[in-house]
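*Asks:* Each chain, letter by letter, is given below.
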Amino acid sequence: DTGVSQDPRHKITKRGQNVTFRCDPISEHNRLYWYRQTLGQGPEFLTYFQNEAQLEKSRLLSDRFSAERPKGSFSTLEIQRTEQGDSAMYLCASSAQYEAFFGQGTRLTVV
Amino acid sequence: GESVGLHLPTLSVQEGDNSIINCAYSNSASDYFIWYKQESGKGPQFIIDIRSNMDKRQGQRVTVLLNKTVKHLSLQIAATQPGDSAVYFCAENIIQGAQKLVFGQGTRLTINP
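As given, the protein sequences belong to chains S and F, one line each in that order. Anchor point for the first sequence: position 41 equals 41 in the numbering used here, and the numbering is continuous, going up by one each time. Anchor point for the second sequence: position 88 equals 88 in the numbering used here, and the numbering is continuous, going up by one each time.
If you are wondering where the hints come from, they were derived from the structure by calculation, not from laboratory data. Keep in mind that this is a model prediction, so the values were computed, not measured. For glycine and all other residues, C-beta sits at the position ideal for the given N, C-alpha and C. It cannot be assumed that every hint is accurate.
[What the hints assert, rightly or not] Example chain F residues on the side facing chain S (calculated, C-beta under 10 Å, incomplete):
hint, residue
1, 38
2, 44
3, 45
4, 89
5, 90
6, 103
7, 105
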């Protein structure tokens, strides 16, 4: 257990529904990242927070995706109007400096 | 396409042997590298890291080698155990850059008894 907690672990949703995932980073870590991973691929970067500021966003993060970290602690990732192509593992990671530690991920299945 | 991604490079070794997993990274400006281990259904687990001012770093049963000339990274696992079976990813980053790890394709390591 790395100390990064994600909830829920699994989510099945119907196409068109909105979903929200939560990440609780390691408490002293000021950096938080979201990644997406599909079967057989390495994780792909989505977005990065330093404290509450969202400093970097990937072009993978379409208008349907939004991430927040309101108090610089936990973060949420929301996907609106889900599509089947959104099915993937959504991973959160946190770091104090360079070493990024990942949570167990939220597996999203859009049916 | 999707089917290409499913065919991860694989490495099978006998229990007790040493394993060497290789990775070619893409960005010559990258100055920080991490190896992760990922078991089925779990998030990537940090194994070892190395900065570009080093060419070798050792941990417990693991060694990472960095060759910046050819942009190559390797992970050596000594005396492999059944619990080492997993997919191994290398990741690169630029310390003063955008803070996004770029992951390689991954290698599936299987330990034969």
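*Asks:* Hint by hint, where does the structure go against what was stated? Just the numbers, ascending.
*Replies:* As far as the earlier hints go, not one is violated by this structure.
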